[in-house]
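Now for the letters of each chain:
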Amino acid sequence: MTEAKAPAKRAGRKVELDPRLAAYQGVWVFVEHERGQAHSVSWELMGEGRKLADQLGVPLSGVVMGAPGEDTRRFCHEAFRYGADRCYLMEDPVLADYRNQPFTQGLTELVNAHQPEILLLGATTLGRDLAGSVATTLQTGLTADCTELNIDPENRSLAASRPTFGGSLLCTILTLNYRPQMATVRPRVMPMASYDESRSGPIIEQPLHLIETDIVTKVLDYIPDNRQDRPQLPFADIIVSGGRGLKSPENFQLVWDLARVLGAEVGASRPVVQAGWVELDRQVGQSGKTVRPKLYIAAGISGAVQHRVGMEGADVIIAINNDPNAPIFDFATYGIVGNALQVLPALTEAFRQHLAVARKAG
Amino acid sequence: MHIVVCIKQVPDSSQIRVHPVTNTIMRQGVPAVVNPYDLFALEEALRLKDTYGAQVTVLCMGPPPAEAALRKAISFGADDAILVTDRAFAGSDTLATSFALASAIGQIGRNMAVDLVFCGKQTIDGDTAQVGPGIAKRLDLQLLTYVSQVDRVDTERREIVVQRRAEGGVQVLQTRLPCLITMLEGTNEMRFASQAGMFRAARHPVRVWDKAAAGIEDVAKIGLKGSPTVVSKVFAPQPKASKAEQIKCESNAPKDLAVTLIAKLFTQHPALESAISAGTTGSI
Ligand SMILES: Cc1cc2nc3c(=O)[nH]c(=O)nc-3n(C[C@H](O)[C@H](O)[C@H](O)COP(=O)(O)OP(=O)(O)OC[C@H]3O[C@@H](n4cnc5c(N)ncnc54)[C@H](O)[C@@H]3O)c2cc1C
Ligand SMILES: Nc1ncnc2c1ncn2[C@@H]1O[C@H](COP(=O)(O)O)[C@@H](O)[C@H]1O
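For the protein sequence lines, the chains are A and B, in the order given.
Our numbering numbers the first residue of the first sequence as 3 and each following residue consecutively.
Our numbering numbers the first residue of the second sequence as 22 and each following residue consecutively.
Isolated chain B (complex conformation) (with noise of 0.2 Å):
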């Protein structure tokens, strides 16, 4: 079984910060982290290789510094790696961006067939969950999204069986495979990387392909030119015209703060009265 696994490099977004006054993002110093969505895919694969038997391909798009998202992989376990990097793909969208990782898919598939392609659930920084489903139309895979657990993979029959969280309840959902499946968070925990991991991480040469190694022919299709999207403007949320009523009373204990808030809150809100009174039980 061939499994490629596509995973980006992020900003660790919980350590971007906004300058207070000024709006602008403060990226100076903001470490780059493996999409941590990916990492469930990416643990999801490395154990139906540990079941089944397979070889796992990590695959990135991104600037060069990415390549140290694959490294990461293979020190988790992951058997090749490879970085689409080419300065015609700066500006793409999802759908540049899934055309991209399609071709270069398509042309890891040309060595070795691809059974199955696995994503995040998405992105922390693009954060459309788009792009699994824009591989899958493009390859012509089925596409299983939001995948919580994979019950089993029949290599002979060419079948897989998975857990798809739906909005009401769980689907059990059987297809053939090739397919993608985009893999629900908190369903696995990342194993550790072992010695041996790092120690061929480091060493382990990771492919590096430009648009034309990747099967990209088309630059229309790519980049600036092949987004349908474009951003028009960057703002930051309006501060709401008025600030909050702070509630005081003269001696300004908590008993009697709460009682001239709830007060205020019943006379000037009265239907929150009503609201209130049908959603409390006998039980208090």
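One chain only, chain A, in its complex shape (with noise of 0.2 Å):
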């Protein structure tokens, strides 16, 4: 990827693709699974590539790869369902934990063996490492973290978005004449495909030709995250978050209090995890979490660009802050002009009464 730099240069877009690599054809998306999971951020790309393939007329694929048995098959099958036309499936036993190394060559060969214009994956530990090396591998260009993907009209490549200069600004970036165009993706960044029970396709495999002894790294362990420690923003459909303006640790007890009723997770702004009145896992926005909630409720939170690319996603905002003209307010739904302090606690009692009256009639 690029670092900001002035777009002068190279002004003129429009490029002949070299005739090799107009031979390069179809959108990928890499189906990332950990543990028999698939993480989402496979589906929300699988929606976002449909798009995309759909708009060049290319089919779209879902590649998958891992150790032999019944989870890659399941994540193939899903894949259809998500919106694939076709799977590439690469099952050996090396692959059965992450490695780079075996990852990379087997993702290099198949993109070798089937050339696709266009490959996405998401922007994990696990995305982020591979699509690196990939990359540099086939030396091709790769844009880390978009927020935005399109088909630029005029030469059919492809339009990646990504927040630049700390997130104030935007940029897109075109790999003109590079084939596989590459990009990734955060978690809940983009929706979730539609799913479609009907939908399936063939699988087409591929063998890695790779033994374990040729592997240099191993894995020791594996220590799991016990997720019931964590929390886990990303995928909460409701959160209530404060921001700097609710002053104190103390007062932040309020955020905690209209969580409790909502059932929601708690979360913060920068400033906030900053000062340590939250745990850093709580941070919304561009330097930590992006979330995509049923409700977002963001209290004494000024909206600044960094914190909105982070919760723009969620279907409903409501926004309390005592300045009727912090930007919060210019993309939130609802919005209280008040002091957060009386307002939350006004707010706790009022969804209490109102669920209470609402369990009884139920």
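Honestly, the hints are just simulated from the structure, not real lab data.
C-beta atoms are modelled at their ideal positions from N, C-alpha and C, and glycine is treated no differently.
Stretches of chain B that chain A covers, calculated by requiring three or more beta carbons in the stretch to come under 8 Å of a beta carbon on chain A:
#: 1; stretch: 104-118
#: 2; stretch: 164-177
#: 3; stretch: 242-253
#: 4; stretch: 279-293
With a cut-off of at most 25 Å between alpha-carbon atoms, the simulated DSS-like pairs for lysine-lysine come out as follows:
#: 5; chain 1: A; residue 1: K249; chain 2: B; residue 2: K276
#: 6; chain 1: B; residue 1: K285; chain 2: B; residue 2: K269
#: 7; chain 1: A; residue 1: K296; chain 2: B; residue 2: K269
#: 8; chain 1: B; residue 1: K276; chain 2: A; residue 2: K362
#: 9; chain 1: A; residue 1: K53; chain 2: B; residue 2: K254
#: 10; chain 1: B; residue 1: K264; chain 2: A; residue 2: K296
Label pairs and their calculated CB-CB ranges:
#: 11; chain 1: A; residue 1: T110; chain 2: B; residue 2: D175; range: 26 to 32 Å
#: 12; chain 1: B; residue 1: R131; chain 2: A; residue 2: P226; range: 42 to 48 Å
#: 13; chain 1: B; residue 1: D175; chain 2: A; residue 2: N152; range: 48 to 54 Å
#: 14; chain 1: A; residue 1: P226; chain 2: B; residue 2: A234; range: 45 to 51 Å
Once you've looked at the hints, go ahead and assemble the two chains, each given alone in its own frame, into the complex.
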């Protein structure tokens, strides 16, 4: 990926594609999985990939790599249901755990054999590790952490947009005379693809010619996180977040109170995390988590662009801020101009009463 | 043991402001700092030096003022510093940057073989996390990304064991030297520079290499020419079509505002009510 630099020099965007590269066709989505579970970013990308493939009039494929067994086939079938037309499957015992070397070699071989024009991966620890290595091996362009993907109508190339300058601005990046065009997208930036039980497709298998003794790095152990212990913000349906406007860690308790009544996760803006009022895992925004809840309540948060990019995908946003000109009101669904220290407890009480009545009636 | 740490000088992004009217970047007077993520890499290298003994060389590609970042690293305890700087590097994307840095590391290794290369997790200006994997691939080094801890190094058997943060847990990985590690943030705390360190840093002759000294012959691989990606446009985030619907009521008392909001919310978004009820436990 490119650092923000002036778009000037290579202004001529219409580029005649090298005939060798014109053979590259189709959109691929790398299906990431771990411990028997596909990462949801794969299906978010599948929806985005479907859109791009339809615009280009080419097939959409899922790429599944893993140890032989039922799981890999199950992921192929899921990929079809989320929109893939076909799947490339590479099974080998050396692919049991993620390791850079065998996955880089395998994915590179698949790309060279079948020549996709676009390859999308999740911007996860696995996806970033793999994408950087594969792009360097193939000597092609890779755009990291995209927030928007489109097809440039002028030359059929992938127009990948991402934040730049610390998130204050966005830039669009093209990979003109190199294939495949690669991009990564963070989890929860794109909506999930729709699921269609009836969809199916062919699985194209390709072997990986590697044996364990060829692989230098060994996995000695794997210590799974205790999911119960860590906040799961990206997948929460309801989030109540607090910002610097709450003024003290004691006041931040009001956010927890409302969250408890709503069964919600607690989020925060960066200054709150940096002040140590809540743990790092709860930061929402460009340098924190991207979230996509049904309801996001922001109290005492100004709505700086670095915060906004992490939460504007929420279905409904309620903002509480005492400054009627706070930027958060530019994109929230509902706004209350007022003191969060009074509005939060009032909301907590009103929700509690409403839900109690609703529960009795139901 | 010879350790190379790649550090970049970046504008302190917490001080970058966007002009509210013209949407242009106001970069004047923004101080340059060592990329904060790279300090975790440097500290880890210095700890290995403390434990096992090592020569630590810091490497930076950037314009001449980036020398300041290297001096900072010397003050913390790095032994040697190399600034790779050449007009021909202008406009490099990550593929071209990793090519240039890999070439320079190749040159560094001609004097004393390199056992370990450290990079930060990512930069705060480029923000891609790709340069580390790119260098590893080009030098054919084993790649260990998102390392949270170096457990042990066995210089005799040339093996290293690290903990790597994966999506749902921690992998304990063992690999052979030489290898490249990208260090996770928050894993250690940068030491303070000693008086002696600062004194040494001020006098240390930072080596400055142009592209030839860095071992680069093929100029098609660096700068704009060597960069597959092109920025086609820079723009401000779209303002949303409609602003927030302001909740008001006669009294404007918080209690009445809350009730008004909830009534509106559940009328206009009936699905939310079940989402909330489903999420609530009986414990309230
Ligand atoms: C590279 C970079 C990355 C960043 N990443 C992130 C990120 O991931 N996440 C993030 O959140 N930020 C991030 N930031 C910081 C971001 O730019 C803002 O500084 C930050 O979001 C502001 O947090 P805030 O809204 O809580 O605080 P402020 O901007 O201080 O806003 C406080 C708000 O509270 C209101 N307020 C005050 N008192 C009350 C009251 N009694 N009742 C109601 N409202 C009140 C004020 O009107 C104001 O709007 C990043 C910045 C940079 C440079
Ligand atoms: N110009 C540079 N000079 C030295 N090291 C760099 C440079 N650019 C990137 N790096 C290293 O590569 C890491 C990842 O950078 P990036 O891919 O830009 O996010 C950084 O943390 C640095 O360790």
